[in-house]
Amino acid sequence: MTDTQEHDPAPRSTLLPPPKRWWGGIGPDERRWLSIAFVWCLILFSGMYIWMGIGDQQTPIESYRIDRDTFQAEAEEFMAAYAVGEEDGIPVVAPPPGEDVYLQASQFQFRPILELQRGHTYRLLVSSTDVQHGLSLQPVNLNFQVLPGYLYVIRLTPDELGEFSLVCNEYCGLGHHVMTGKIAVVD
Amino acid sequence: MATTVDPKPSEAPGLRKCAATGFLVDERGRQLALANAVAGVVLLALGGAMAVVIALQRQGLPVSDDWWYRLLASHGATMLLFWLLLFEVAALYWGSTMLLNTRMRVPRLAWGVFGAMLLGVALAQWAMLTGRATVMFTAYPPLEAHSLYYLGVLLFAGGALVAIGIFFANLVGAKRDGSYVGSLPLVVYGFMAAAVIGVYSLVTGAVAYGLLFAQSVGLLDSVDPATYRLFFWGIGHGAQQVNLAAMVAVWYALIAFTLGGRPVNEGLSRFAFLLYIAFIHLGAVHHLLVDPGLGTSHRIMNTSYLLYLAVLASLIHAFSIPAAIEVAQRERNRSRGLFGWLLRAPWREPGFSSLVLSLVWFGFIAGVTGVLMGTMQLNMLIHNTLFVVGHFHATVVSGTTLAFMGISYYLLPLLAGRRLVGATMARWQPYVFAGGVALLTLAMLLAGRLGVPRRVADLSYENAPVAVDMFATGQTPTVMVLVSVGALFAVIGGIMFVWVMVATLLKGERTDRPDTALLHAFGAQERERGASEEGGAAMLTGHDNGLSARWERFEAPGTYLIVLVFLAWFVAMYLLAHFNLAQTWPVG
Chain A
47 MTDTQEHDPA PRSTLLPPPK RWWGGIGPDE RRWLSIAFVW CLILFSGMYI WMGIGDQQTP
107 IESYRIDRDT FQAEAEEFMA AYAVGEEDGI PVVAPPPGED VYLQASQFQF RPILELQRGH
167 TYRLLVSSTD VQHGLSLQPV NLNFQVLPGY LYVIRLTPDE LGEFSLVCNE YCGLGHHVMT
227 GKIAVVD
Chain B
33 MATTVDPKPS EAPGLRKCAA TGFLVDERGR QLALANAVAG VVLLALGGAM AVVIALQRQG
93 LPVSDDWWYR LLASHGATML LFWLLLFEVA ALYWGSTMLL NTRMRVPRLA WGVFGAMLLG
153 VALAQWAMLT GRATVMFTAY PPLEAHSLYY LGVLLFAGGA LVAIGIFFAN LVGAKRDGSY
213 VGSLPLVVYG FMAAAVIGVY SLVTGAVAYG LLFAQSVGLL DSVDPATYRL FFWGIGHGAQ
273 QVNLAAMVAV WYALIAFTLG GRPVNEGLSR FAFLLYIAFI HLGAVHHLLV DPGLGTSHRI
333 MNTSYLLYLA VLASLIHAFS IPAAIEVAQR ERNRSRGLFG WLLRAPWREP GFSSLVLSLV
393 WFGFIAGVTG VLMGTMQLNM LIHNTLFVVG HFHATVVSGT TLAFMGISYY LLPLLAGRRL
453 VGATMARWQP YVFAGGVALL TLAMLLAGRL GVPRRVADLS YENAPVAVDM FATGQTPTVM
513 VLVSVGALFA VIGGIMFVWV MVATLLKGER TDRPDTALLH AFGAQERERG ASEEGGAAML
573 TGHDNGLSAR WERFEAPGTY LIVLVFLAWF VAMYLLAHFN LAQTWPVG
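So the protein lines, in turn, are chains A and B. Be aware that the first sequence starts at 47, since it is given in this note's numbering, and climbs by one per residue. Be aware that the second sequence starts at 33, since it is given in this note's numbering, and climbs by one per residue.
Just chain A, with the same shape it has in the complex (with noise of 0.2 Å):
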């Protein structure tokens, strides 16, 4: 033992003020254990700078401010034009691949219904009329903010056939549980 531990010894509790000297260096599987830490930390921040050169499924970033009611004349139009029926009141909208495709979240649906072909990717142009909406696509598991006054641009790739849901996952009102909305893959 070194003088200084048997004239200041550490009081052995965290709850009491430590010894004059608490900084006595790093022991050595700190050390160890503190660069390989370090070392996760770094590959945990360039990971996402990786999946950016790497992955196909990446956070969309493009946005624009938009007024409620410019965005839902704009969504109102785009579905006249390339309407092909209806669901219980819901209009179905078939628009051509490499179009732009207006999805308007309200209280308590989403409109309009889209059918979107296989493998072609589509500029989703998503805003709220209203209040804040949480654009969920299920079973594929994609999640996004729909906020009112923003116009959020999704560029969505459908790779499977079939019929999907929307579903809203951000708490809008008394019938958030009513919230629906859908997406058919079509070849």
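Calculated from the structure, these hints are not laboratory results. Heads up, the beta-carbon is just placed ideally off N, CA and C, and yes, glycines get one too. Treat the hints with caution; some may be incorrect.
What the hints assert, rightly or not - Coverage of chain A stretches by chain B, computed from C-beta distances (three or more under 8 Å per stretch; other residues unrestricted):
1. 91-105
2. 164-177
3. 184-192
4. 221-228
Once you've looked at the hints, dock chain B against the given chain A.
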């Protein structure tokens, strides 16, 4: 002992010497800490009762959708804000007076703050339970609530802010009076980190709710939803960072209470708290990762706490806390081989079992899922699903709440001057509670992977215009049964805790020495002995550890292996999550 002040009652008017700890106690500080803690536990009980209804509605209990949403809103605010912050105020008062042998500053103001916070709780509860504020804890505009709801939350948050100010006044006063020498005790230092984080959390929260209040009384036309979200998450997540720092401080306190241990390298633990203060607040932006309006660099720099330096802090604690346990056990020769110290640990001591269960679940489940959801691209798979709810039940329920329950078994007898009633109940309580929350959180995480949305009253969507039957069929109903069963077990554990607290407070035998084990935690024995032969960090040499020579060069070899296993789990979950991400539709 050179490093601890021997309290001299004659120099400290109004203070009495505590027979249990040998520390000086200010009666006013004691009463304030007790009152805040009791109010917190009452609200915990209320929030638990709501949890029962919320969970059973999923299994067919007839509750109207309206009431389900009201209870969900109130459950969130009651647990995330009211219970935890009131208990934290109690911990701040306790740490800044009794642990520092100093008097409580401005006690009258502190009582006023307590009254204001309770008034705030009452206003907010009134508004939520009468259906005037069914906007959830997040209160996102343009949803609107009664102005008294916003005022209630503002009163509560403002009160907590002043309470933090009083905490700092106590610290400064104690330093000036010389009631302790050298640095703050580690536990108080941790509370101080929580308090600093609390300041910027509560200030941003006051801005967010202040904007909504101004709008609700007609001072503002509208509040921009994106701006609100940025400010709101300053407190929405910031308050959870306060809980994190306070919980880690409580973990260190529980080591002292149950083992008399301290970290191998206290400096490193303090450094980790500093990293929290500097970086943890950035992470709040992970709530905005799939929002319109933010750029990539903004998202990545913030959600990664700038190179994950706050995660690094947690990884430091993840090592130093088990290492402190291991070293304390080895010093007492309660160890054979690599893991004998765990086998011979005081598992019947509620403070110890709470500490370990809280630490393990916080690390393996809460921490890892938190980093996954905070990874920019992975967030698309998780945002607003029940996975998020599973994550934060793992952090604040199995983590913070369990740690706070654990320390209550030592604090309440001390603060109330009564012997603990129901020691057997207390012994089992952490296991029941942790078991229930473990089931609850795992089931919620699983449900989130199945895509189950959060805050939805009816997963069958039977009244929806466009039918969605995927949550009424398949695996989801079974998983939701597990959520409910887990919730019920957790509530049983909660009732056991509240029963012990109430029984001790009302029926416990009055005593000034509630527990002799406390003497050790507060160093009273060392003071009496003059600490001549024990103490010092490097006590390993000369003890028979039953370790082979290979491990001799490690201070805490068992812990070293445990953290490597933890890291392997972390890496595996990270890779699995990216595998899941790669399976989904191309998006960008």
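Each hint tested on the structure:
1. Counting residues of the stretch 91-105 of chain A whose beta-carbon sits less than 8 Å from any beta-carbon of chain B gives 11, enough to reach three: the coverage restraint holds.
2. Requiring three or more residues with a Cβ within less than 8 Å of a Cβ of chain B, the coverage given for the stretch 164-177 of chain A holds, as 3 such residues are present.
3. Note: the stretch 184-192 of chain A has 8 residues with beta-carbon separation from chain B under 8 Å; the three-residue rule is met and the coverage holds.
4. Judged by the Cβ-Cβ criterion of 8 Å, the stretch 221-228 of chain A is covered by chain B as claimed, because 7 of its residues qualify and three suffice.
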